Structure formats: C-alpha cells, structure tokens
Amino acid sequence: QEKDHLKKFDELMVAYRVRPTVLLPFWNVAGFVLGAGSALLGKKGAMACTVAVEESISDHYNSQIRTLMEEGPEKYKELLQIIKQFRDDEREHHDIGLEHDAEAAPAYSVLKTAIQLGCKAAIFLSERI
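So the sequence shown is numbered by UniProt numbering: it starts at 1 and just counts up by one.
No lab work stands behind these hints, which were simulated from the structure alone.
Here are the computed distance ranges between Cβ atoms for each label pair:
1) Pro106 <-> Glu70: 38 to 46 angstroms
2) Arg19 <-> Ala114: 28 to 36 angstroms
3) Glu11 <-> Val110: 34 to 42 angstroms
4) Asn28 <-> Glu99: 25 to 33 angstroms
Remember, predicted model here, so these are calculated numbers, not experimental data.
Where a beta carbon is used, it is the ideal one built from N, C-alpha and C, also for glycine.
Whole structure, please, built from the sequences with the hints as guidance.
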C-alpha cells in the first residue's frame with residue numbers, strides 16, 4: 001500500500017504543480033534507519049514504531065483534510081477522497097500494530113513519543129523546505 005500511496009502522490013504533485021521537499025532523500029534514509037532500528041527491538045518494537053508513525057501520518061492527513069475542506073470541498077473533492085482513503089489505510093496499519101502487541105514493547109511510551117516527535121519535525125521541515 002505504501003508504494004501505491006507514493007506513486008499516487010507523485011502523480012498528484014505533477015497534477016497540482018507542487019514540488020517535493022528537497023529533504024526527501026534524507027527522509028528516505030531516515031525511514032529506512034527507523035524501520036531497521038525498530039526491527040532490532042524485535043516484533044513488538046517494530047509494531048510500536050508502526051503505531052507511532054501511522055498515528056502521526058493519520059494526524060497529518062486529518063490536518064490536510066481540514067485545510068482542504070476550509071478552502072473548498074467541491075474544488076478539492078477528488079483530492080479529499082484520496083487523502084481520506086490513505087488516512088484510513090494508515091489507521092488500519094496503526095490498528096494492526098496495536099493488535100500485534102505494540103504496547104508491550106520495552107519503553108513503549110518513550111519510544112512512541114520520540115518517534116512521533118521525529119515525524120512531526122519531519123512534517124514541519126518538509127512543509128517549509
């Protein structure tokens with residue numbers, strides 16, 4: 001699903017004439033390192049990472065949905081449908097992480113908070129650079 005999301009966003013950036021952040025190569029490496037690092041913590045650690053990231057992305061999608069609704073739901077009808085679907089996909093991944101004992105990971109709340117701070121920082125920077 002994530003590859004499908006990326007492909008669709010690449011198409012949407014062209015359609016809406018939006019440039020990607022210059023930080024994208026860095027985020028690709030950071031995402032790989034985060035995934036590999038959380039896998040070293042075992043299944044529960046990987047699931048904790050999934051929960052943290054997917055919750056952050058879902059929140060970001062919700063923010064985008066609110067903005068587009070304020071600017072004109074009819075104008076952005078197709079885009080809103082896509083973002084809502086992707087948000088729902090991320091929520092499903094989040095829930096799967098919880099079903100697979102994410103909360104039983106060592107130092108779950110610390111790990112989740114740290115990952116979410118990183119996600120929020122990445123979103124903040126990407127919106128500006």
